[in-house]
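*Asks:* Sequence:
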Amino acid sequence: MYGVDNGGFVLHHNTDLWGDAAPQDNYIYSTWWASAAPWMVFHQMEKFRFTGDLDYLRDVYPNLKSAALFFQGFLSDYDGYKVVNPTMSPENPYYPPNDNTTAVAITLGATMDTELLWELFNEIKEANELLQLGDDEFVEQLQVLEAQLPPYRENYFGGLQEWIHDYQEALPGIDHLSPLWAAYPGNQITSYNMTLFNRARETLGHRLEHGSASGGWGASWCTALSGRYFRPDWATHCITHLLGTQLQPDSLLNSGAPSEFQIDGNLGLPGGMVELILQSHESVSIAASSSGYVPPTYGGSAPVLVAAFTGDVHKAPLIRLLPTLPEGFAAAGGGGYVRGLRARGGFEVGITWDEKGALVSANITSTLGGTAYITLGATPIGRNNGTAVRSHGAGSGVFLKLATEAGKSYTITNA
Numbered sequence: 449m450y451g452v453d454n455g456g457f458v459l460h461h462n463t464d465l466w467g468d469a470a471p472q473d474n475y476i477y478s479t480w481w482a483s484a485a486p487w488m489v490f491h492q493m494e495k496f497r498f499t500g501d502l503d504y505l506r507d508v509y510p511n512l513k514s515a516a517l518f519f520q521g522f523l524s525d526y527d528g529y530k531v532v533n534p535t536m537s538p539e540n541p542y543y544p545p546n547d548n549t550t551a552v553a554i555t556l557g558a559t560m561d562t563e564l565l566w567e568l569f570n571e572i573k574e575a576n577e578l579l580q581l582g583d584d585e586f587v588e589q590l591q592v593l594e595a596q597l598p599p600y601r602e603n604y605f606g607g608l609q610e611w612i613h614d615y616q617e618a619l620p621g622i623d624h625l626s627p628l629w630a631a632y633p634g635n636q637i638t639s640y641n642m643t644l645f646n647r648a649r650e651t652l653g654h655r656l657e658h659g660s661a662s663g664g665w666g667a668s669w670c671t672a673l674s675g676r677y678f679r680p681d682w683a684t685h686c687i688t689h690l691l692g693t694q695l696q697p698d699s700l701l702n703s704g705a706p707s708e709f710q711i712d713g714n715l716g717l718p719g720g721m722v723e724l725i726l727q728s729h730e731s732v733s734i735a736a737s738s739s740g741y742v743p744p745t746y747g748g749s750a751p752v753l754v755a756a757f758t759g760d761v762h763k764a765p766l767i768r769l770l771p772t773l774p775e776g777f778a779a780a781g782g783g784g785y786v787r788g789l790r791a792r793g794g795f796e797v798g799i800t801w802d803e804k805g806a807l808v809s810a811n812i813t814s815t816l817g818g819t820a821y822i823t824l825g826a827t828p829i830g831r832n833n834g835t836a837v838r839s840h841g842a843g844s845g846v847f848l849k850l851a852t853e854a855g856k857s858y859t860i861t862n863a
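449 is the number of the first residue of the sequence shown in this note's numbering; add one for each residue after it.
In case anyone wonders, no lab produced these hints; they're calculated from the structure. Each hint should be verified, as a subset may be incorrect.
For lysine to any residue, the following SDA-like pairs were computed, each having C-alpha atoms within a straight-line distance of at most 25 Å [claimed, not checked]: (1) 495 <-> 507; (2) 495 <-> 857; (3) 495 <-> 787; (4) 495 <-> 711; (5) 495 <-> 580; (6) 849 <-> 494; (7) 495 <-> 761; (8) 849 <-> 501; (9) 849 <-> 786; (10) 495 <-> 719; (11) 495 <-> 780; (12) 856 <-> 841; (13) 856 <-> 846; (14) 495 <-> 818; (15) 495 <-> 728; (16) 804 <-> 777; (17) 804 <-> 825; (18) 849 <-> 777; (19) 856 <-> 786; (20) 856 <-> 785; (21) 856 <-> 833; (22) 849 <-> 798; (23) 804 <-> 692; (24) 849 <-> 817; (25) 856 <-> 838; (26) 856 <-> 494; (27) 495 <-> 480; (28) 495 <-> 586; (29) 856 <-> 819; (30) 804 <-> 780; (31) 495 <-> 856; (32) 849 <-> 498; (33) 495 <-> 566.
Construct the complete structure from the given sequences, taking the supplied hints into account.
*Replies:* In structure tokens:
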């Protein structure tokens with residue numbers, strides 16, 4: 449239907465009982481969004497990040513490549529950029545210039561599309577190198593396209609621009625947080641780049657000011673983003689709203705419009721709550737970074753850590769302990785603990801905290817071996833103004849480098 453016949457596949461915002469990939473539904477604000485495939489294969493890449501299973505990555509690589517092939521043939525030229533056209537920012541409409549009464553959705557070059565394609569193209573780059581597939585020519589073609597994707601820009605209220613032009617949004621309190629995909633579930637927007645991070649955080653704050661997080665799945669997405677933005681107050685608002693108004697009291701099943709039960713509300717809530725307790729989506733470069741970022745300097749001559757991103761293979765996961773735990777939740781339970789959480793890089797994590805939400809201890813078990821960096825709280829990569837942690841035999845530091853052996857466990861405490 450798009451005239452792309454190079455072997456790629458396309459998937460729209462919805463599907464039906466038979467798995468039909470063509471547009472489903474007739475909802476004008478989402479039906480024609482054609483960028484679902486990069487999000488779907490992102491989950492496959494995430495499984496590899498948690499398990500380190502190279503055989504699995506080899507099995508799913510054709511899915512990643514096929515998703516990219518479609519966009520290689522589909523991207524259009526606009527104002528010096530390569531953009532998805534047509535598209536929309538699901539499911540937020542906007543007002544066209546000089547018309548504040550007619551809400552429309554179709555556009556080109558939506559920010560969410562750019563985020564998804566940046567991730568997809570670099571997933572393929574990373575997988576090709578890790579697996580030594582020799583698919584270098586295709587990777588180079590995608591890197592050329594990536595360099596022509598539109599950049600992030602600031603919008604009229606100081607947040608992330610959602611569309612190719614700075615349109616006025618028609619539903620400022622909508623639960624859909626599409627331009628924030630790169631902050632969650634993606635990993636491109638982190639506190640390593642505070643300018644971009646603050647614009648993304650301002651976008652969520654703007655949504656919340658206008659009533660976002662009203663439904664079950666919306667409150668869940670808001671909870672996850674609040675965790676990654678280090679805002680326990682926002683997380684508290686989203687969680688208490690969801691638990692108090694969006695769940696059936698006898699079953700805890702998500703209820704409310706547009707349907708009585710939505711699994712993304714039920715599964716999204718614990719997913720979001722984990723982001724308050726443990727994060728591992730960031731990475732630290734263990735070689736020269738190919739991410740394109742220039743490391744900042746913060747005074748002195750001591751070397752600083754450099755963040756790594758999708759596409760880099762010489763990196764170690766950063767495990768953040770208790771980045772956003774609301775103190776009120778910790779006090780209500782007189783402290784607390786979790787066991788059996790998984791972190792990227794093949795690590796199993798247990799954490800215990802006191803009634804003020806402060807770390808008592810953490811236990812990290814390595815299933816694969818390899819290196820991880822451990823930090824407590826919200827200190828950005830490259831800075832050293834946080835609380836140091838320590839592990840026997842590994843020393844201490846705000847960012848503790850932990851060289852692990854498969855099958856061994858390591859206890860983390862305050863230094």
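*Asks:* For each hint, tell me whether it holds in the structure or not.
*Replies:* Hint-by-hint comparison with the structure:
1. 495 <-> 507: 12 Å, holds
2. 495 <-> 857: 22 Å, holds
3. 495 <-> 787: Distance ~20 Å between residue 495 and residue 787 Cα, so the pair holds.
4. 495 <-> 711: 20 Å, holds
5. 495 <-> 580: Holds, because 19 Å separates the two Cα atoms, which is no more than 25 Å.
6. 849 <-> 494: Holds, at about 23 Å.
7. 495 <-> 761: Given that 25 Å is the threshold and the Cα spacing comes to 16 Å, the pair holds.
8. 849 <-> 501: Judged against 25 Å, a Cα distance of about 23 Å means the pair holds.
9. 849 <-> 786: 23 Å, holds
10. 495 <-> 719: Since the Cα atoms of residue 495 and residue 719 sit roughly 15 Å apart, the hinted pair holds (cutoff 25 Å).
11. 495 <-> 780: 34 Å, violated
12. 856 <-> 841: Holds, at roughly 13 Å.
13. 856 <-> 846: 22 Å, holds
14. 495 <-> 818: 17 Å, holds
15. 495 <-> 728: 13 Å, holds
16. 804 <-> 777: Cα-Cα ~9 Å, so holds.
17. 804 <-> 825: Judged against 25 Å, a Cα distance of about 13 Å means the pair holds.
18. 849 <-> 777: Since the Cα atoms of residue 849 and residue 777 sit roughly 30 Å apart, the hinted pair is violated (cutoff 25 Å).
19. 856 <-> 786: 19 Å, holds
20. 856 <-> 785: 21 Å, holds
21. 856 <-> 833: 30 Å, violated
22. 849 <-> 798: Satisfied, since the Cα-Cα distance of roughly 18 Å is no more than 25 Å.
23. 804 <-> 692: Holds, because 23 Å separates the two Cα atoms, which is no more than 25 Å.
24. 849 <-> 817: Within the cut-off at roughly 13 Å; holds.
25. 856 <-> 838: Within the cut-off at roughly 16 Å; holds.
26. 856 <-> 494: Within the cut-off at roughly 24 Å; holds.
27. 495 <-> 480: With a Cα-Cα distance of about 28 Å, the restraint between residue 495 and residue 480 is violated, given a limit of 25 Å.
28. 495 <-> 586: 23 Å, holds
29. 856 <-> 819: 13 Å, holds
30. 804 <-> 780: Distance ~10 Å between residue 804 and residue 780 Cα, so the pair holds.
31. 495 <-> 856: At roughly 22 Å apart (the allowed maximum being 25 Å), residue 856 and residue 495 satisfy the hint.
32. 849 <-> 498: 19 Å, holds
33. 495 <-> 566: 19 Å, holds
Comparing the model with each earlier hint shows violations of hints 11, 18, 21 and 27; every other hint is respected.
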